[in-house]
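S.K.: Each chain, letter by letter, is given below.
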Amino acid sequence: MKHAGWFLVLSAGLALLAITTTRIHTDITDFFFHGDDADSAFLVNQLQSDELARRYLVGFSYPDLDEEAGFDFLTAVRQRLEADPDVQRVNSGRPSEAALRQLIQVYAPHHVQLFSLQPEQDFPTLFSTQGLDAQELRVREALLGPDPQLAKSLLHEDPMLLTLNWLQKLGRSTPRPLTRQGYSVLFVDTRIDATDTAAQARFQQRLQTIFKQLDASLGDAVHMEVTGVPVFAVHIKNAVAQDIQRVSILSAASVALLFLLVFRSGRALLVTALLMLTTLATAVLVTDGVFGYVHGLTLALGTTLIGVCIDYPIHAMVHASEAAGAATLQRLWSPMILAGITTVIGYAALAMSGFPGLQQIALFSATGILTALLLTRFALPGLIAMFHPSLHPRLSANWLLAEPVTRILRPGILVVAAVVVVAGDSRLHWSSDLNTLSPDLEQLRQRDRSIRTHLVTVEPGRFLLVSGNNIEQALQSAEQLIPRLRQLHDEGVLDAFFPVYPLLASRALQQRNETQWNEILDAAASTHWRQALERHGLNARTFPPLQPERLAPLQPADLKGTSAWPLISSQLVQLGEQTAAIIWLGHHDPGRVRRAVAGIPQVRYFSQKDSITRLATRYREHATTMLLLGMLTILLLLAVRYRSLRRALQVLAPAAASILIVMGAWGLVGVPLGMLHLVGLLLAAAICVDYGIFFADNRVGDRRITFQAIMVSALTSAVSFGALGAAQTPALHALAWTVAPAVLLGFLLCPLMLRGRVSC
Amino acid sequence: MRSPTRQALRLLALLLLLPAPVLATDTLDDVLARMQAGQPHHYRYREIRHMELLEDDWQAQGDLFVAERRLFIAQSLPRPLLISITASRMLYLDPQHDVRRVRILQDNTNIPGITPLLQFFRTSHSRAELEKRFRVRFTSTQGRWTLHLVPDSGWHRFVRYLEISGNESQGTDHIHLEFTDNDYTDWFLTAQSSGAQAAAEMEALLQQTRSWQP
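Going down the list, the sequences are from chains A and B.
Position 401 of the first sequence, counted from 1, bears residue number 401 in the working numbering, the numbering being contiguous throughout.
Position 192 of the second sequence, counted from 1, bears residue number 192 in the working numbering, the numbering being contiguous throughout.
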């Protein structure tokens, strides 16, 4: 009694601690991926790219407003957003005049070094009569253009105004908005931490408020669409949070209702609830302590852990009621320990799959199971003594144990099961498409596509990765690839591509440009140039002479802190020991681009979706192997326990059959199985193996009591897992429709497959 | 890098200065008060640019439209060009070379090369605002009025002064912009039409422009 009192205090303390200190993450990539090698690390980095994770694309449609009103509206939105402390910058996708000027200032001294990808051809062409005429026409147009002062300011170090050629190349090589009447896009970069979805949600709310206030003054003439990684992240977070709440409430309420129906005792419910609360709080705290956070999906799944952990107190309470009272608990300890260990082995196997989400679920579940076991053994007797719950189940399925019933049912059910297994399992197929596991994002994706149609921009998730031992090698390889990409562009295969050049060139290319310039720059070339100036009505005497170039090559470090750095920094990445240059691709035919670059050393067509699928397949295959090894370990453990491999197989039989039947059913309905189905099958196996052990051990010598206890356990498990079916997240549906039917089958198959076959 | 800002300079300057006839007895305040664009105006223009880097003066001519929210120029010589400037963007069309260029104006008073005139436009209705940015001198002699504007130091380092002038009781017919490197540009303007007729003529050209938009 005294111990029970302390337990109540401890339970409340743990629950409070768990609620107040646990950090919950909802980023789906946290759950699914882990950068355990260079490729997946790169993938994770891409998925969690800080810049992307902080950027919003905001589209404004105002077909009924004239340009002036539309511009005023956008200006007001920009000003309000720029005043927000969480906003780093707002831009329209085109460099501002100030940024452009800064770019010119940075790059003008390097106009020769960055002149061409093929300096050996292009410098002689430039100094041909036609080339000089074309260039001097450009000089003349610049002087007679809208900004003659810019041209004049460049002339002293760049008399041919090659900087303007560079600027033109840059214009073709950067993503930009298309010009559409009545539609504008703003890029909004926030300062909010990528993982802080709560702050992102608050910012999105503020954005909506700003928009609504300004739009109201125009009579709701503007339509706003918002997309970007943070929008998806907040949506997923909300969906997961709603799932946690919905599943928790439904699961807890269903189990409570079932408990009241079965035991008709509020005290029994109170005792079990106390044990489960302590179990969950412990599992949450341990998981948080080890991982530093608890994922929302783990928490959602954790509530279903009640369905597993509740088996032990139920089993104990039913036996305590029907047999020799609370003293029976000590006799049940041995099979419960065995059941607990087999379950933990299953989860340990899952943890070794390498799938980060499963590692967390495994730890969470294993902690929960061990805690539930210990509480059943050491805390439950005291609680029973304190609360005196009525433990007599009012429901019974003991008619299934009657020999005539099993004799009739057994062949029929086993034949049907065999048919389902044979027919269904042969049609079973696995899928590694993780999109099917996320909450429904189709509406968001459509909006994303809608906004991106207004941009000449990169196709998200697909790009070329050009790697090298260092930046120089990567840049050189990327430069060699550009002519091939131009060809694809000309063939209509590739709408646009965005290489690192002309923002940066390899040192070798810069050197080649400089060498060619210096070699071609003799007295004859200077004379031809002056003659070209005169042909175009330019006063050759006032132009500074052409000079040889002797400049240190432009390096990435030179660009840090300039307006070029944001453009270039996302295109140079570290990939393990290697450095890679990314070439972003516009809309393209993936197959043809992939084929076009196949066989080029150092170049790889990278598709995030393909990589994710490959990674998921690898995880699943690894998980399957680990699970089979786990099941083998469980079999060996049972064989040691029963000192008979045959008996061990018999105990495992209901669990194995129920899993095969459920897999067969999935195969028959044509649903592809994924990672979460695998988790569900493991959970079902863990629970059903417990039933087999309890049923086979039958420590109190009365199989009716044991079967009754298993029935109550099976019903609570089915109800709590069935509650996952109410979630929005398809991943949780997979669990619901795998575990719930499997545990019911496992319970029903025990008397059919074990009765009279296992001696105790 | 060629873009329409030079012509925009012309347009914007005219927007400020052309539309309202000025009475001989007008003071600077009267002139400024009447410089705000009202109904559309259509002008024929001739531009002469003197640059040290050019062997000879460069000349262009064409039609200029000034409306409340748009400046529109149809250059006919030395080659046809269409330029439209609104608050949000500057559109440059060179049909001969199939060039269509759009420049989004984040700050439409800060376009390189024409900033002084744009700033003048933005502040021209207020003598106090004008005097914050320019040293202002207004004279009226021998049947002509002249507004002489010197940008404050640091405000625009390339421009030495602007001079806007016209006949007594008339609008602007000449703008002179002199740069610190001694280059200068002159615009000569002749009024063609105004009101509905000018609007219709501008609309016809705008329609032509819209069909060329990317």
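To be clear, the hints were calculated from the coordinates, so they are not data collected in a lab.
Please note that the accuracy of each hint is not assured.
Going by beta-carbon spacing under 10 Å, a handful of chain B positions derived as facing chain A [claimed, not checked]:
#1 ARG49
#2 TRP58
#3 ALA60
#4 TYR161
#5 ASP183
#6 PHE188
#7 GLU201
#8 LEU205
We put the beta carbon where it would ideally sit given N, CA and C, even for glycine.
S.K.: Please go over all the hints and tell whether each is borne out by the structure.
M.R.: Hint-by-hint comparison with the structure:
{"no.": "1", "hint": "ARG49", "verdict": "holds, 7 Å"}
{"no.": "2", "hint": "TRP58", "verdict": "holds, 6 Å"}
{"no.": "3", "hint": "ALA60", "verdict": "holds, 8 Å"}
{"no.": "4", "hint": "TYR161", "verdict": "violated, 15 Å"}
{"no.": "5", "hint": "ASP183", "verdict": "holds, 8 Å"}
{"no.": "6", "hint": "PHE188", "verdict": "violated, 18 Å"}
{"no.": "7", "hint": "GLU201", "verdict": "violated, 19 Å"}
{"no.": "8", "hint": "LEU205", "verdict": "violated, 16 Å"}
Of the numbered hints stated above, those contradicted by the structure are hints 4, 6, 7, 8, listed in ascending order.
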